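Student: Line order of the protein sequences matches chains P and Z.
All residue numbers for the first sequence refer to full-length UniProt numbering, where the first residue is 1 and numbers rise by one.
All residue numbers for the second sequence refer to full-length UniProt numbering, where the first residue is 1 and numbers rise by one.
Simulated from the structure, these hints should not be mistaken for lab results.
Just to be clear, a hint being listed does not mean it is correct.
What the hints assert, rightly or not - Simulated crosslink set (SDA-like; lysine to any residue; CA at most 20 Å straight-line):
no.	chain 1	residue 1	chain 2	residue 2
1	Z	5	P	132
2	P	190	Z	199
3	P	67	Z	139
4	Z	5	P	126
5	Z	5	P	199
6	Z	5	P	200
7	Z	65	P	80
8	Z	5	P	127
9	P	190	Z	5
10	Z	5	P	129
11	Z	5	P	202
12	Z	5	P	67
13	P	220	P	248
14	Z	5	P	205
15	Z	5	P	268
16	P	67	Z	137
17	Z	5	P	214
18	Z	5	P	262
19	P	190	Z	148
20	Z	5	P	220
21	P	67	Z	142
22	P	190	P	93
23	Z	195	P	262
24	Z	5	Z	15
25	Z	47	Z	65
26	Z	5	P	133
27	P	67	Z	15
28	Z	65	Z	49
29	Z	195	Z	221
30	Z	195	P	67
31	Z	47	P	201
32	Z	5	P	106
33	Z	65	Z	76
34	Z	5	P	209
35	P	67	Z	148
36	Z	5	P	156
37	P	67	Z	141
38	Z	47	P	205
Quick caveat, the model's predicted, so the values are computed rather than measured.
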Amino acid sequence: MKTTDTPPPPAGTVEARPVVKKLDTPSGKDRSGGVLNVFSHGVLVIWSVLVVLPLLWAVMTSFKDDKSILTTPWALPDRLHFENWSRAWTQAHMSDYFLNTILVVAGSLIGTLLLGSMAAYVLARFEFPGNRFIYFLFVGGMSFPVILALVPLFYVMNNLGLLNTIHGLILVYIAYSLPFTVFFLTSFFKTLPTSVAEAAIIDGASHTRTFFQVMLPMAKPGLISVGIFNFLGQWNQYLLPTVLNTDPDKKVLTQGLVQLASSQGYKGDWSGLFAGLVMAMLPVLGAYIIFQRQVVAGLTAGALK
Amino acid sequence: MQHGKYRFIVGFLVVPLAMYTIFVIWPFIQSIYYSFTDWTGLSPDFKMVGFGNYSRLLDDDTFWKSLQHSVLLALLLPVVVLGLALFFSFMLNVGGRRRKGAAIAGVQGSGFYKIVYFFPQVLSIAIVALLFQFAYNPNSGLINSALDGVGLGSVQPEWLGDPDLALWCVMAVLVWSQVGFFVVLFSAGMASIPKDFYEAALLDGASRVTTFFRITLPLLWDTVQSGWVYMGILALGAESFAVVQIITVGPGGPDGSTSVLTLLVYQKAFRDGQAGYATTIGVALLIVTLIFSAVVMRLGRRERLEF
Chain P
1 MKTTDTPPPP
11 AGTVEARPVV
21 KKLDTPSGKD
31 RSGGVLNVFS
41 HGVLVIWSVL
51 VVLPLLWAVM
61 TSFKDDKSIL
71 TTPWALPDRL
81 HFENWSRAWT
91 QAHMSDYFLN
101 TILVVAGSLI
111 GTLLLGSMAA
121 YVLARFEFPG
131 NRFIYFLFVG
141 GMSFPVILAL
151 VPLFYVMNNL
161 GLLNTIHGLI
171 LVYIAYSLPF
181 TVFFLTSFFK
191 TLPTSVAEAA
201 IIDGASHTRT
211 FFQVMLPMAK
221 PGLISVGIFN
231 FLGQWNQYLL
241 PTVLNTDPDK
251 KVLTQGLVQL
261 ASSQGYKGDW
271 SGLFAGLVMA
281 MLPVLGAYII
291 FQRQVVAGLT
301 AGALK
Chain Z
1 MQHGKYRFIV
11 GFLVVPLAMY
21 TIFVIWPFIQ
31 SIYYSFTDWT
41 GLSPDFKMVG
51 FGNYSRLLDD
61 DTFWKSLQHS
71 VLLALLLPVV
81 VLGLALFFSF
91 MLNVGGRRRK
101 GAAIAGVQGS
111 GFYKIVYFFP
121 QVLSIAIVAL
131 LFQFAYNPNS
141 GLINSALDGV
151 GLGSVQPEWL
161 GDPDLALWCV
171 MAVLVWSQVG
181 FFVVLFSAGM
191 ASIPKDFYEA
201 ALLDGASRVT
211 TFFRITLPLL
221 WDTVQSGWVY
231 MGILALGAES
241 FAVVQIITVG
251 PGGPDGSTSV
261 LTLLVYQKAF
271 RDGQAGYATT
281 IGVALLIVTL
291 IFSAVVMRLG
301 RRERLEF
């Protein structure tokens, strides 16, 4: 269980010497003009289309009736079949899946941020025997394949009576989010100035009080970054609920949809399925467009462990 | 004071550490132990079989096939994804026509491209997989009807149903969902490269291709290397599991043509009642992952010395 990948230095750390001494083209003029620009724009546009088209196609299809989905996949809907959406929301249990997902993610996110920042704070700011060991124990968890632990975990959960429960899922999400959260927040707490916390201690505040009233508010930017990272990871989680949560009533969005696709597919309710798919896509896409900067900052700060 | 300090440390660490130990560390250690047993997972009884599972692994064709697919994904996916992402992000940040005053600039509308390219990254891989399952549908899917529409009606591949194509379809989905993230990541890296370097290159009349290979890539190498490891682990891990399990028939594809190690662990443990053997495959997966990371780190280091 060793950490295999060392944390990267900040992107583009510049310690290299300038390497521009012997570049091979002496002509000096703007050689990279016209043709290449048309070409590069073309390629960029093509990729945009490749990204957007399937998404738009799904939205469009969710408003069509079953027959035209199967016969004319590219045609616009004859009219907007909103009933697909209401059918998916109620009969196909999308509302339940949403509710379950919101419950699980809300619980896990709060738990992850609270427990993660507590552990990270102690590991970053206090010297005690075993500090390094505990830190590497946490961080080491980032690099091993989750599926390996899942087989025994299934039976651990079973024995604890946590299988197929919302709170069991929350506990597991928190545990598997801790490695990265602790890693990220430990380095973040190290960058915060010590003087404010020391002043609070001298004024007679307890360590606990100092943490909650002084350090945690100061750590807000870090908490937001790691919070966004965890939110998306937990909202989009598929493997953990698939294995640990097989009760149809407790399904989260991703597994609910997959389950719908395999069962509804036979019933032929393609339009309802597309409506459900779009329903699951739109909230995150919408949130991303609104909070675009924060999401990108959070994910890029986060994902490269 | 000192006493209070230790009480505080223990108080803050005990819950996170306990949860992490129970749900992550302990199962992980157990799985290595179970890989030496004949545990079915269904009954509490099992006995030690030594290296029995491991020797069974060597004779298991499904295992070798899955291993081959996993390794192929881990080797090819980073090349394609990082290659595309480097090209796009270079275009977006450096490749633009020079405007007055700025030494370097991205193409016009680069902000818009960056937002759009990132879309797939915020979607769950399960949702992405479902979407592509529909797109690949041979009769009514997006892709074949598009082929039909442009007059290629005779070319109607079965996509996921074709053993020769299915794995490539899986790979395409993973590429689609990952490129945008690296475009944004590399863009951030490129933004931190000092402008002087580009100005000097410009004065020397370097072309864009030269600029890329002599300046951008070497200075971005650390990020590329971490991206390489990240992408490889992703290809070996949960993402490829989700795509294969959701979209390919079987699941595991026609004739096992898309089976990957993660899927095999899942199937052996939760479908076939061979939990002990499943953990053995899991250990093999762990070894492959460790070797992959070690090799990339090693090769990357040598590469860096060149300039």
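Student: The structure should be examined with respect to each hint, and the outcome stated for every one.
Tutor: Cross-check of the supplied hints:
{"no.": "1", "hint": "Z:5 - P:132", "verdict": "18 Å, holds"}
{"no.": "2", "hint": "P:190 - Z:199", "verdict": "36 Å, violated"}
{"no.": "3", "hint": "P:67 - Z:139", "verdict": "13 Å, holds"}
{"no.": "4", "hint": "Z:5 - P:126", "verdict": "9 Å, holds"}
{"no.": "5", "hint": "Z:5 - P:199", "verdict": "16 Å, holds"}
{"no.": "6", "hint": "Z:5 - P:200", "verdict": "15 Å, holds"}
{"no.": "7", "hint": "Z:65 - P:80", "verdict": "46 Å, violated"}
{"no.": "8", "hint": "Z:5 - P:127", "verdict": "10 Å, holds"}
{"no.": "9", "hint": "P:190 - Z:5", "verdict": "18 Å, holds"}
{"no.": "10", "hint": "Z:5 - P:129", "verdict": "13 Å, holds"}
{"no.": "11", "hint": "Z:5 - P:202", "verdict": "14 Å, holds"}
{"no.": "12", "hint": "Z:5 - P:67", "verdict": "69 Å, violated"}
{"no.": "13", "hint": "P:220 - P:248", "verdict": "38 Å, violated"}
{"no.": "14", "hint": "Z:5 - P:205", "verdict": "12 Å, holds"}
{"no.": "15", "hint": "Z:5 - P:268", "verdict": "64 Å, violated"}
{"no.": "16", "hint": "P:67 - Z:137", "verdict": "15 Å, holds"}
{"no.": "17", "hint": "Z:5 - P:214", "verdict": "17 Å, holds"}
{"no.": "18", "hint": "Z:5 - P:262", "verdict": "55 Å, violated"}
{"no.": "19", "hint": "P:190 - Z:148", "verdict": "59 Å, violated"}
{"no.": "20", "hint": "Z:5 - P:220", "verdict": "24 Å, violated"}
{"no.": "21", "hint": "P:67 - Z:142", "verdict": "15 Å, holds"}
{"no.": "22", "hint": "P:190 - P:93", "verdict": "46 Å, violated"}
{"no.": "23", "hint": "Z:195 - P:262", "verdict": "53 Å, violated"}
{"no.": "24", "hint": "Z:5 - Z:15", "verdict": "17 Å, holds"}
{"no.": "25", "hint": "Z:47 - Z:65", "verdict": "28 Å, violated"}
{"no.": "26", "hint": "Z:5 - P:133", "verdict": "19 Å, holds"}
{"no.": "27", "hint": "P:67 - Z:15", "verdict": "55 Å, violated"}
{"no.": "28", "hint": "Z:65 - Z:49", "verdict": "24 Å, violated"}
{"no.": "29", "hint": "Z:195 - Z:221", "verdict": "17 Å, holds"}
{"no.": "30", "hint": "Z:195 - P:67", "verdict": "57 Å, violated"}
{"no.": "31", "hint": "Z:47 - P:201", "verdict": "56 Å, violated"}
{"no.": "32", "hint": "Z:5 - P:106", "verdict": "31 Å, violated"}
{"no.": "33", "hint": "Z:65 - Z:76", "verdict": "16 Å, holds"}
{"no.": "34", "hint": "Z:5 - P:209", "verdict": "13 Å, holds"}
{"no.": "35", "hint": "P:67 - Z:148", "verdict": "18 Å, holds"}
{"no.": "36", "hint": "Z:5 - P:156", "verdict": "34 Å, violated"}
{"no.": "37", "hint": "P:67 - Z:141", "verdict": "13 Å, holds"}
{"no.": "38", "hint": "Z:47 - P:205", "verdict": "56 Å, violated"}
In this structure, the earlier hints numbered 2, 7, 12, 13, 15, 18, 19, 20, 22, 23, 25, 27, 28, 30, 31, 32, 36 and 38 are contradicted, and the remaining ones agree with it.
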